[in-house]
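Undergrad: Based on the hints, put chains B and C in the right spot on chain A.
Here is what each chain is made of, one letter per residue.
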Amino acid sequence: MANPTNFISPLLQVQDLHVAYLSRAGHKSSALAGLSFEVRPGETLGILGESGSGKSTLAAALLRLLPGNGQIERGVVLFEGQDLLQAERRTLQRIRGARISVIFQEPSLALHPMIRIGEQIKDVLAAHESSGGSVMRQKTLQLLAEVFPADAARIAESYPHQLSGGQQQRVLIAQAIACGPSLVVADEPTASLDPSTQQEILSLFRKLREQLHLSLILITHNPALLAGMADRVLVMYAGKAAEIGTAEKVLASPQHPYTRALLQSMPSRVEMHAQRRKSPLAVIPGETPNLEVPATGCRFEPRCPDRMEMCTKREPVVVNVSESHSVSCFKYGE
Amino acid sequence: MRYFLRRLLQAAFLLIGVSILTFLFSALAPGNYFDEMRLNPQISPETIAALRAQYQLDRPVPVRYMRWANSLLHGELGYSFAYNSPVAPLLWVRARNTLLLALVASLIAWTLALPLGIWSAATLGRLPDRALSGITAALLVIPDLVLALGLLIIAVRTGWFPTGGMLSVGFESLSPLQKLRDLALHMALPVIALALSALPTLVRHVRAAIAEVLSAPFLRVAASHGIPRRTLLYRYALRAAANPLISLFGLSLGALLSGSLVIEVVMSWPGLGPLLLEAILARDLYVVIGGVLCSTVFLVAGNFLADVLLYLADPRIRTQAAAR
Amino acid sequence: MGLRYENTERLLIVENLRKFYARRGVLGAKKEVIALQGVSFSIRPQSTVALVGESGSGKSTLAFCLACMERPTSGRIIFQGDEITAFDEKQQRAVRPRIQLVFQDPARSLNLRFSALELVSEPLLVQGRLGKREREDRARALLAQVGLPPEKALRRAEEFSGGQRQRVAIARALALEPKLLILDEALSALDCSVQAQIANLLLELQSSLGLTYLFITHDFAMAGHLADEIAVMERGNIVELGAADRVLLEPQHEVTRRLIAATPRLGPAAHLPQVV
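Protein sequences, first through last, are from chains A, B and C. Residue numbers for the first sequence follow the numbering used here, beginning at 1 and rising by one. Residue numbers for the second sequence follow the numbering used here, beginning at 1 and rising by one. Residue numbers for the third sequence follow the numbering used here, beginning at 1 and rising by one.
These aren't lab readings, by the way, just hints derived from the structure by calculation. All values reported here derive from a predicted model rather than from experimental measurement. Glycine included, each C-beta is placed from N, C-alpha and C at the ideal position. Do not take every clue at face value.
[Unchecked claim] One side of the interface only, derived from the structure: several residues of chain B facing chain A at Cβ under 7 Å:
id, residue
1, Phe218
2, His225
3, Asp314
Pulled out of the complex, with its shape left as it was, chain A reads as follows (with noise of 0.2 Å):
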């Protein structure tokens, strides 16, 4: 279990990780091209990410879990002291589920279909515990209990398909948890799922990284699911990190143009106050970049409304704006 006080190691720390995927026809597309950051005890770190970040490939990466044509290229990723991308098979069997979760996207397909909830429970305790039969029922029961205040037992006996979306949501948290890890990675746990719903489900994150002492990776594309939730956050762009630094600095004055440009595409209530509903948001302009071919300077140059010639020839380097507040552009120095 992590100790809250300490503030000076960090639990998890990625530096320089790449990751790249081989396509059938031999292509390699880079999908995590030097990404560094890291992760305090007790401390929830947003990811803000949109598709073609790379943010998922770095959840599956964590636990060196990537599909078949994935390979991590280079990097470390230190965590409790090893180093997991060195780590032996039975080490990292060891650590999975039990020091860390990572919880993955779509809750419907991430389920066993022919299998019980509870069994699907107590088949993670049982990965990691030898204990006896009745005391394993037990802490399924507990478990469940935690995020089904109500129907513990008779969700214990439902199948997947037979639950909701949120509710399957809820299944895989109480997976993560049933160990008692110290870091639980959430890749985009409210998509697909109403607003009412995803608002149960942070609290459920709430509340349990509160009464557990858990370190929170959370990974999203939606800023806003971010405000409220999150103590850091952690921008990534075509695989590299944009900017991060406190919930406050990034998202009440981002530094990065991407940032910036992504928050102010977005809809807000003040628009509708300021009758400029109806008109036309501040989009990005462009696509994401292509990852196959490999990056001259700054990935998204090609989009940049404050973009440099400099900006095409070199990758930026990061620079600190501020204590708690680094940035990935040469618009705050070389």
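TA: Frame of chain A, contents of chains B and C only:
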């Protein structure tokens, strides 16, 4: 429950249809049992005519079918001209023998196919998978006949196995244990031949079904929970692949039964195969129909069994069935 | 809540629409599922009405009834002055090109193995009025109108991003020159910045082609941005209906208030959640 009743009804219709078709084809095929007799100068034409009248072969086909169907409902399957006995007892004995062979061969084939198929799927594209694919391809190409003959040659050369039949001559006088051993030795070669002929298809299907499941999201999610590889393969992957595999099981039983015909004939196993073959050649009408009907019953039973297993195995089917 | 419009200047008038489904319960007893319980509203030409509600509220059922893909159990739909609920099959088929649907997930509503050009030409092919050359020209023009780069026209849809696919879906819906476009959660599956792009496209098309939109969503922020009027649905009923500004600033019904509160958005102090 309605689900099963519907299935049973479908099966009944199938059987009726098959019986009609078989009857029709056999009756319409040129020649009949008595043509053979006519070649025998010792039997007078009057006797033949009398026999024909006795067996009512001069009546129109639909009438004969109705009479046969009627007697079927009384448990009577007609009369065999060649063996000069009712068809039913003849059929039961042979059917039992074939079933014994097919079931044991099925068991062995599946017990081998599952781990081999899973291993293949788990090492997809790599050496173990390629090697197994090569071996199954080779087995697939070899005709059952050649397989059976090859095994017979082994039997003859080594003398370890009897070269035909089901039981040895002095069977009755053996002790129970010796009886079992005797039966096993006689069964060994036909079972091996049958199992080997069925194995390649099974392995390929298991491999395909498991490979597809291995790329499913829920398997990666289970892996992310630290669930060990063994459990992932045998409990999670296999269960998810159960659907296509159980259906295959039903079909394979049927296929095995029809495949056993050649092997039974070559290895002189007293099953439905040799009986049917002789009956067809001798135009022994009711035996042919009875035999074909028997095979169809096995096929249908196999599929019905698969339906039951599928219902028990897949909760989604249960929900769907209840919703109708 | 019903507002009756005697005024035939409305493009679409829906009166007391009801839709029941018969389902068998687990024990074989007949159960009725009531998807629409008497829905009434109308849409002015070249305006946008947003239909907001959660899953199970009946919004998709309403969309299907309006697009003539489902027959309502009772009630009337009056489109361009014609009572299409009283039409027979043949007449309905003639109306369908004028009301088109765009769905949420282009990966499921489009056959991804076809090229963009083929997908957009298909409705023209089925209609059978244009020759091959004319179909292709029209399809290319449509793709240009929705902002798909011309070099992508022959690429297969499986190579496209979510936003590009949705553009193709919109172009396809425009092929038969509809008057009413029903967008069923058409933006919900897209990334935020892409939603903005497609929203702009929709606004532009509305003014250049004179389209009328029924925008179905559960995202109040986007509804507020795109719509002139907002209708809020819950369990088969419209519980609130009015001008967009009014509904957002002075919500009357409890469901509306709840949905507005639940919509995640960045407020002025962006790092804090909005509390209503």
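Undergrad: Work down the list of hints and note, for each, if the structure agrees.
TA: Status of each hint after checking the structure:
1. For the restraint placing B/Phe218 at the interface with chain A, the shortest Cβ-Cβ distance is roughly 5 Å, inside the 7 Å limit, so the hint holds.
2. Annotation: B/His225 was flagged as interfacial toward chain A, and the flag holds, the nearest CB pair being 3 Å apart, inside 7 Å.
3. With a cut of 7 Å, the hint placing B/Asp314 at the interface with chain A holds, because the nearest CB-to-CB distance is about 6 Å.
The earlier numbered hints are all upheld by this structure, with none contradicted.
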